[in-house]
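A.B. asks: For this one, chain A is given, so just place chain B on it according to the hints.
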Amino acid sequence: NAGVMQNPRHLVRRRGQEARLRCSPMKGHSHVYWYRQLPEEGLKFMVYLQKENIIDESGMPKERFSAEFPKEGPSILRIQQVVRGDSAAYFCASSPRGLAGGQYFGPGTRLTVT
Amino acid sequence: DQQVKQNSPSLSVQEGRISILNCDYTNSMFDYFLWYKKYPAEGPTFLISISSIKDKNEDGRFTVFLNKSAKHLSLHIVPSQPGDSAVYFCAAQTTSGTYKYIFGTGTRLKVLA
Numbered sequence: 001n002a003g004v005m006q007n008p009r010h011l012v013r014r015r016g017q018e019a020r021l022r023c024s025p026m027k028g029h030s031h032v033y034w035y036r037q038l039p040e041e042g043l044k045f046m047v048y049l050q051k052e053n054i055i056d057e058s059g060m061p062k063e064r065f066s067a068e069f070p071k072e073g074p075s076i077l078r079i080q081q082v083v084r085g086d087s088a089a090y091f092c093a094s095s096p097r098g099l100a101g102g103q104y105f106g107p108g109t110r111l112t113v114t
Numbered sequence: 001d002q003q004v005k006q007n008s009p010s011l012s013v014q015e016g017r018i019s020i021l022n023c024d025y026t027n028s029m030f031d032y033f034l035w036y037k038k039y040p041a042e043g044p045t046f047l048i049s050i051s052s053i054k055d056k057n058e059d060g061r062f063t064v065f066l067n068k069s070a071k072h073l074s075l076h077i078v079p080s081q082p083g084d085s086a087v088y089f090c091a092a093q094t095t096s097g098t099y100k101y102i103f104g105t106g107t108r109l110k111v112l113a
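In the order they appear, the protein sequences are chains A and B. With this note's numbering as the guide, the letters of the first sequence map in order to residues 1 to 114. With this note's numbering as the guide, the letters of the second sequence map in order to residues 1 to 113.
Careful, some of the hints might be misleading.
[Said to hold, decoys possible] Each computed DSSO-like pair below joins lysine-lysine, with the alpha-carbon atoms no more than 30 Å apart:
1. K54(B) with K110(B)
2. K44(A) with K5(B)
3. K44(A) with K68(B)
[Unchecked claim] Covered stretches of chain B, going by a simulated chain A footprint (3 or more residues, C-beta under 8 Å):
4. 53-59
5. 99-108
Think of the hints as simulated: they come from the structure by calculation, not from any bench. The C-beta atom is built at its ideal place from N, Cα and C for all residues, glycine as well.
Isolated chain A, as found in the complex (with noise of 0.2 Å):
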């Protein structure tokens, strides 16, 4: 059973560029979240999605970052035009349904602006 797949795994990218960051969850999961954690941090929640449908995008950032689930296909976080601070540790988890506990988390992508 393959788990939660992230890529990729690192990200380069210049200030004022896109990071695309894809996330595919694990088989029979319709659920997905995707966490940020700064250096130094905890995991923060940024948005929790199910197919086609943003349920809760409360941790998202007003400006840049968008986040979409398909019918078909992997979970993508969009950041455009990156700026220093975004650089952190992207970590998507997926999950069933919504349940108590239940999330697996993907190993990450870790981006840096350069």
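C.D. replies: Leaving out everything else, chain B in the frame of chain A:
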């Protein structure tokens, strides 16, 4: 506003002894709590969880205690092993909401051989 706090950024314990990691929370709406372990360059892996209707849950060497009145939980690892060296995060959920996790800032555990 840090709703879940882990006040000890690091902890060192001798192999074979007990490791106790602590976590405090402020939101009384949280009703499910989890501990995750994280190695460098990897995603968090689930360790153990507890519902707010319980005060203790045990799984092998790992036991989680919940004190709702104090809004405090702790993870006990007995006996500690060098392979337990990692960063430990506690997380809290409100199961009537969207099930997102609110994480603490983590405690780095080092088990000395």
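A.B. asks: If you test the structure against every hint from before, which numbers come out violated?
C.D. replies: 4
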